[in-house]
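Engineer: The task is to assemble the complex, starting from two chains supplied on their own in separate frames and drawing on the hints.
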Amino acid sequence: MALPNVQDYFIPGTRQEAVDLLGKFGENAMLVAGGTFVHGLEVRGVLGEIEALIDIGQLGLAGIRSEGGMLVVGATTNFGAIQANEAIASAPQYAAILDALTYPPAQIINVGTIGGCIGASAPLYDLPCALSALDASLRIDGGKGAREVALGGFFTGLFENVLAGDELITEVVLPAASANTASAFLKLETNANDLAIVNLAVRLTVDSSGNCADTRIYVGGGIGESYARAVSAEAALNGSPAEAASFAAASEAVVNDIEPVDDHRASAPYRAHIAKVYTRRCLATALERLG
Amino acid sequence: MKKLIELTVNGERHEVAVTPDASLLNVLRGDLALVGPKKGCDAGSCGCCSVQVDGKVVYSCMTYAVGAQGKEITTVEGIGRPDDLHPLQQAFIDAGAVQCGYCTSGILMAAKQLLETTPHPDETTIRHAIAGNLCRCTGYTKIVDAIKLAAERL
Chain H
6 MALPNVQDYF IPGTRQEAVD LLGKFGENAM LVAGGTFVHG LEVRGVLGEI EALIDIGQLG
66 LAGIRSEGGM LVVGATTNFG AIQANEAIAS APQYAAILDA LTYPPAQIIN VGTIGGCIGA
126 SAPLYDLPCA LSALDASLRI DGGKGAREVA LGGFFTGLFE NVLAGDELIT EVVLPAASAN
186 TASAFLKLET NANDLAIVNL AVRLTVDSSG NCADTRIYVG GGIGESYARA VSAEAALNGS
246 PAEAASFAAA SEAVVNDIEP VDDHRASAPY RAHIAKVYTR RCLATALERL G
Chain W
21 MKKLIELTVN GERHEVAVTP DASLLNVLRG DLALVGPKKG CDAGSCGCCS VQVDGKVVYS
81 CMTYAVGAQG KEITTVEGIG RPDDLHPLQQ AFIDAGAVQC GYCTSGILMA AKQLLETTPH
141 PDETTIRHAI AGNLCRCTGY TKIVDAIKLA AERL
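Protein chains in written order, with my numbering: chain H, 6 to 296; chain W, 21 to 174.
Possibly wrong hints are sitting among the right ones.
The list that follows gives simulated cross-link-like pairs (lysine-lysine, DSS-like), each with its CA atoms no further than 30 Å apart [to be verified]:
| id | chain 1 | residue 1 | chain 2 | residue 2 |
| --- | --- | --- | --- | --- |
| 1 | W | LYS91 | W | LYS23 |
| 2 | W | LYS76 | W | LYS59 |
| 3 | W | LYS22 | H | LYS29 |
| 4 | H | LYS29 | W | LYS91 |
| 5 | W | LYS76 | W | LYS23 |
| 6 | W | LYS59 | W | LYS22 |
| 7 | W | LYS168 | W | LYS76 |
| 8 | H | LYS29 | W | LYS23 |
| 9 | W | LYS168 | W | LYS59 |
Treat the hints as calculated values from the structure; they're not laboratory data.
Same shape as in the complex, but just chain W (with noise of 0.2 Å):
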């Protein structure tokens, strides 16, 4: 039987009919068509589905939506716009760190928790930032790259 829920995404509102047992991945996208968050392993495993939740990076297939309601969630359709990047998806772009792009949304909420609460992180603090996420294709190097830039630049 459906739940009804009341979820705040981004900063809007929405009330959506979910299952019991629903991830809030699966109603991101599927409910809310908020696609940034990627569906890769579905098992905690990946990252590609990482959105903050009352501003902490968590798995989003491993959340469940009814736990969710009365928090803040941000995918990362809430953190720029194509007019108006963020800094760190203009550092991803100015540094090349997208090849497929599967795992740059996932990768870019890891971050953004990281340069909240490390502004300046060395490399490792940076690497162990984003050791929750894997990207197949860059072998981090420009990813890392990306967040040293938008670090400078924040």
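If we strip away everything but chain H, and leave its shape as in the complex, we get (with noise of 0.2 Å):
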């Protein structure tokens, strides 16, 4: 048995429900959607603390919807549904997203949500990676009500977030970007299976003078303990000409606002590196996708 301490498995039917047992179990429950994440630090060993799993996936947290110019995902919507949704597929400012799902193969296409890989808290995952650079926001519940905070501030470290214990993710909204804009993502990674060396996600807006305004870069992988903003290479482009010297410029620039890590699977030179062809290409490719 893989949770030595576990109690019970808990499908609560309200959301009500669901924090009130967060609330009574506190660091010793762990939330389960698409149970991927949980699956993964169970087999290392590291959940042996755990004593009640809490299955979100009756709290009617599934669906995307319109919510005045947003776009609203709700929690446990998994990765199939993203990519079969209309709204996202054909907007070049989401692009980015379904470029993060074009990696993970069936099995967790089926089962993996938007909630779940954002409360995990890891930068190699690549769909948070997407979603920050699209400003996007989380609404949270919990003990002590509901509030909305920036995805860029909602990580504070390696598997550590601004949530409380007994606080759980119930929306992603994503909000509506300025006319002309589009966005793109990239990752490097080993296999069909892997997690990111780095990865990689732009939106880039060209306004009426052909030039970048407002851009999002973010980068995570082995890059630091949590997704970085690189706000060197966006002030590089903004204001600058929506074209390939600029690109140039800001991929240049990637590098001082990531510490890459140097381990078995490569060294900090070649992130370095990556993350600067990366940055080239996805704006390449978000320009394309402005035609």
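Structural biologist: Printed below as a string of structure tokens:
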């Protein structure tokens, strides 16, 4: 038994029940949505203290709807449902989401959830990197009521985030982007089922003068304890013409914003090099998507 | 403490007592003697344990059995019998797509979902559809051939 202290597997029917269970078991509770991340931790033997598995699949949190120009994605919406959503599939501004979902195999696409991969809080996951670049925010519910936080301020370290012990993510909000906005995402992996060595997402807006505006660049993988916003690369782009020379300058700047790790999967200089290449490629792809 | 749960597998209802953290794979193999799904990595990487849940292929090693209540579970035993093979199973034989066979049941389940959603897939689509399943013997070529053959016959 991989969870030696687990007492029960709960399937609450309401948010309040889920919050109450989280309040009761505190740090010894583990939420289960798709279950893939939980299992990943379980087989590594790091969930020895867990007493309660709380399955949030019956809370009615799956589904995608529009809300005043924004798209609201329920936390237990799985990757397959996101791929199948017409509003996401047809908008260049959301293209980074679909890019990120080309990597997982069918077995993960069918069960992995948007809220789960965010709650996991490991920068090795792809979709949160893309969502960060889209300025997504999270709606959270808990014992002290509901609140909304920007995804960019959600992660506080590896496997760490701003959630209190009795809180859960209920919805992911994708804001309306400015006109003429597109996004793109790329990931370096060694095989079809691999965690990111480096992943990178951009959102590019081209203003009426043909210049880059309000750019977002986020980098994940082995470049730090959580996703890094590449502010110096963004600054290099904003106000510059949306063309290859500006993209090259931004790609040189991206290394100022990351602290790549050196490990058996890739050296730090290699990760830095990939971040540069992917910055350039993602920007070029986003520009192409604007037609 | 064990929980009594009801699972519907290959159209049959089963009542089993399981621990809260039991994986669907362990229950299928250990409690229901359905040993078609194989335990390879037990970590959601190899795909040998693939089954369908409500028509979608999943890793049964990463699926909690308690959470699978009320859903339709299909294992390789449910898609054909020795005297009445599923077209994919027959195509795997005809194309010589099986060597050691350990990955085969999982790949059949991934291929089944593919052909249910994309009846005439091209090779890239086939390779993408089975990207969550590892085969260390065949090099995949004959597996891809078999899935193409099944698509033609279906």
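Engineer: The structure should be examined with respect to each hint, and the outcome stated for every one.
Structural biologist: Evaluated hints:
Restraint check for LYS91/W and LYS23/W: satisfied, since their Cα atoms lie roughly 17 Å apart, inside the 30 Å limit. Among the hinted pairs, LYS76/W with LYS59/W is consistent with the structure: their alpha-carbon atoms are about 19 Å apart, no more than 30 Å. For the proposed pair LYS22/W and LYS29/H, the alpha carbon gap of about 21 Å is at most 30 Å, so the pair holds. A distance of roughly 29 Å separates the Cα atoms of LYS29/H and LYS91/W; the hinted pair therefore holds under the 30 Å criterion.
A distance of roughly 25 Å separates the Cα atoms of LYS76/W and LYS23/W; the hinted pair therefore holds under the 30 Å criterion. Restraint check for LYS59/W and LYS22/W: satisfied, since their Cα atoms lie roughly 22 Å apart, inside the 30 Å limit. The suggested pairing of LYS168/W with LYS76/W holds, with an alpha-carbon distance near 20 Å, which does not exceed 30 Å. Straight-line distance between C-alpha atoms of LYS29/H and LYS23/W comes to about 20 Å, which keeps the hinted pair within the 30 Å bound.
In summary, the hint linking LYS168/W to LYS59/W is supported, as the alpha carbons are separated by about 27 Å, within the 30 Å threshold.
Going through the hint list in order, the structure satisfies each hint without exception.
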